[in-house]
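Enquirer: For chain R, the structure is supplied; the task is to place chain V on it using the hints.
Respectively, the protein sequence lines represent chains R and V.
Just so you know, we're using the numbering used here here: the first sequence kicks off at 3 and counts up by one.
Just so you know, we're using the numbering used here here: the second sequence kicks off at 3 and counts up by one.
It is worth saying that the hints were derived from the structure and are not from the lab.
Nothing here was measured: the structure is a model prediction, and the numbers come from that model.
Every residue gets a Cβ at the ideal spot worked out from N, C-alpha and C, and that includes glycine.
No incorrect hints appear here.
Rough simulated footprint, nothing fancy, chain R against chain V, three-plus residues with beta-carbon under 8 Å:
{"#": "1", "region": "3-15"}
{"#": "2", "region": "26-38"}
{"#": "3", "region": "52-61"}
The list that follows gives simulated cross-link-like pairs (lysine to aspartate or glutamate, EDC-like), each with its CA atoms no further than 16 Å apart:
{"#": "4", "chain 1": "R", "residue 1": "K32", "chain 2": "R", "residue 2": "E86"}
{"#": "5", "chain 1": "V", "residue 1": "K32", "chain 2": "V", "residue 2": "E86"}
{"#": "6", "chain 1": "V", "residue 1": "K35", "chain 2": "R", "residue 2": "D36"}
{"#": "7", "chain 1": "V", "residue 1": "K35", "chain 2": "V", "residue 2": "E86"}
{"#": "8", "chain 1": "V", "residue 1": "K32", "chain 2": "R", "residue 2": "D36"}
{"#": "9", "chain 1": "V", "residue 1": "K35", "chain 2": "R", "residue 2": "E86"}
{"#": "10", "chain 1": "R", "residue 1": "K32", "chain 2": "V", "residue 2": "D36"}
{"#": "11", "chain 1": "R", "residue 1": "K35", "chain 2": "R", "residue 2": "E86"}
2 protein chains.
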Amino acid sequence: MDAVTLLGLVAAALTTTAFLPQLLKTWRSKSAKDVSLWMLITFSTGVFLWLIYGLYIQSLPVIIANSVTFVLSSINLILKIRYES
Amino acid sequence: MDAVTLLGLVAAALTTTAFLPQLLKTWRSKSAKDVSLWMLITFSTGVFLWLIYGLYIQSLPVIIANSVTFVLSSINLILKIRYES
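This is chain R alone, in the form it adopts within the complex (with noise of 0.2 Å):
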């Protein structure tokens, strides 16, 4: 595996992974007050769009990044609205 395909892979890693740590505060804290409702729909939606996006171009890396991405994002938004409510 070449240097370039290695960068590109952790930092699919990272982008993917970002919202656990997130989700795992607001699980701890059961507070979401200063998390963005409309940053989580925002970017659940973009995500999910890039997964249909992976399954037209059959992109086996964009579909599987983007599924774990919409997991945890979309958890992230339930906890959210459940948390405020």
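Expert: The following block gives chain V in isolation, referenced to the frame of chain R:
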């Protein structure tokens, strides 16, 4: 422009601008207690690596999208550190 390219552009626009609502919310409330520092660090690092990756593969969409996202997520990170210290 075909539908699939349009889908990719809309997805990119949404995930690129997603951190703007968070930035505005934190700026107005002067509070980011519930926002995960590790989410912002992980995401900003990942997006920075995507930017470097885009420069290597000379992909303008990857460069532009990740430059904007990097600026927005970095400002969120600075505001988080500023309001929490």
